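Visitor: Put together the whole structure using the sequences plus the hints.
There are 2 protein chains.
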Amino acid sequence: MRVRVLGVDPGLTRCGLGAVEGRPGAPLSLVAVGVVRTGADDELGSRLVRIEAGIEEWLDDVRPEAVAVERVFSQHNVRTVMGTAQAAGIAMLCAARRGLPVALHTPSEVKAAITGSGRADKKQVGAMVTRLLRLAEMPRPADAADALALAICHVWRGGAQHRLAEALAKATPKGPRR
Amino acid sequence: MRVRVLGVDPGLTRCGLGAVEGRPGAPLSLVAVGVVRTGADDELGSRLVRIEAGIEEWLDDVRPEAVAVERVFSQHNVRTVMGTAQAAGIAMLCAARRGLPVALHTPSEVKAAITGSGRADKKQVGAMVTRLLRLAEMPRPADAADALALAICHVWRGGAQHRLAEALAKATPKGPRR
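Those protein sequence lines, which keep their order, are chains A and B.
Just so we're aligned, residue -6 is where the first sequence starts under the working numbering, counting upward by one.
Just so we're aligned, residue -6 is where the second sequence starts under the working numbering, counting upward by one.
Hints were generated in silico from the structure; no laboratory data involved.
Nothing here was measured: the structure is a model prediction, and the numbers come from that model.
Idealized CB from N, CA, C, for every residue including glycine.
Some clues are possibly wrong.
If you want a taste of the chain A side facing chain B, the calculated C-beta under 8 angstroms gives, among others [claimed, not checked]:
1. 38
2. 45
3. 75
4. 78
5. 79
6. 82
7. 83
8. 86
9. 89
10. 95
Guide: Now the structure itself:
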């Protein structure tokens, strides 16, 4: 069962957006990739309005069946974490308003899903995204590649849960009668 | 010049909302006070949608000329800070979409404005809010009283800035000729 997922790497200055389509165990395909930018000197309120409008436009164009957002932690990157959390909140709000399922994945879950290591660096993640989507070159900026990595991670993790559910469904008739 | 301000004490479980009307140096009046609540067990996306709908309803009813939101810091209250930041972001988004000016005040700015001390406790802030608005009893829960404190702080701080601007405007003709 193919699924179309929009990944969001939240940020105020650059909010990465990347959509892929696929299913676990089959080649994935790129749907769209890019960033929504807002000016660092603009008022916070207008920046949030711009992020919302950009994400709405992406949801209209891409029509994803699920949205995957990077889980933001308060521990790291203290200077920008509030803006990042707010951009993430707006992405979740936009998805939930449309009734789309929203999943949060941590950076290390994404890295582990894409590269096999939860501590891979950005370059390695970018290289694997490029290879998995059979692209001619690495998507730039890094936020765009990270958004694609989130979407790929979600297809695969969702798939794993789906396969488990399938396996359980198949196993039930063969199980001991009660 | 009287101004009507909606204060928002952001939170996912309880988002405090309080509106006051007034001008510096004159008695303030209460417009409305309350909270928007969301279930701790609900999905994050639906909670954010509920917060947005609640704030929209308040903006429709209260018709404020400005919105004051508590500035959230990443240092304190790590467990809930992400949800708080997201609720604050949605309040700013709703206000900015209507073209309303949004101001952020820190908890210590609010405490200092209301009680004279930036380290006053919640009870002291609540007592002063009750006195300043000539209420029969302290607004509850504390989030509602805090939202009123934010709105009062904004009327007074905005007023101070306004008086400064007026004083400067008056002073200019009398200044040295260039």
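Visitor: Please verify that hint: residue 95 of chain A, Cβ, nearest Cβ of chain B, below 8 angstroms or not.
Guide: holds (4 angstroms)
Visitor: Let me know if the C-beta of residue 45 of chain A comes in closer than 8 angstroms to any C-beta of chain B, holds or violated.
Guide: The hint holds - residue 45 of chain A has a Cβ within 8 angstroms of chain B, the shortest such distance being about 6 angstroms.
Visitor: May I ask you to test the interface hint for residue 86 of chain A with respect to chain B, counting a Cβ-Cβ separation under 8 angstroms as satisfied?
Guide: This hint holds: residue 86 of chain A lies near chain B, its Cβ roughly 4 angstroms from the closest one there, short of 8 angstroms.
Visitor: Hint validation: residue 38 of chain A versus chain B, beta carbon distance must be below 8 angstroms. Holds or violated?
Guide: At 3 angstroms from the nearest chain B Cβ, residue 38 of chain A passes the 8 angstroms test, so the hint holds.
Visitor: Is the interface hint for residue 75 of chain A satisfied, with its Cβ closer than 8 angstroms to some Cβ of chain B?
Guide: holds (5 angstroms)
Visitor: Residue 82 of chain A was flagged as interface toward chain B. Is the shortest Cβ-Cβ separation under 8 angstroms?
Guide: holds (3 angstroms)
Visitor: Under the criterion of a CB-CB separation shorter than 8 angstroms, is residue 79 of chain A in contact with chain B as hinted?
Guide: Constraint on residue 79 of chain A satisfied, holds at 3 angstroms.
Visitor: Under the criterion of a CB-CB separation shorter than 8 angstroms, is residue 89 of chain A in contact with chain B as hinted?
Guide: Holds: closest Cβ of chain B sits about 3 angstroms from residue 89 of chain A, inside 8 angstroms.
Visitor: Report holds or violated for the interface hint on residue 78 of chain A, using the least CB-CB distance to chain B and a cut-off of 8 angstroms.
Guide: holds (4 angstroms)
Visitor: Go through the hint on residue 83 of chain A and say holds or violated, using the shortest Cβ distance to chain B against 8 angstroms.
Guide: holds (6 angstroms)
Hint compliance for this structure: every hint is met.
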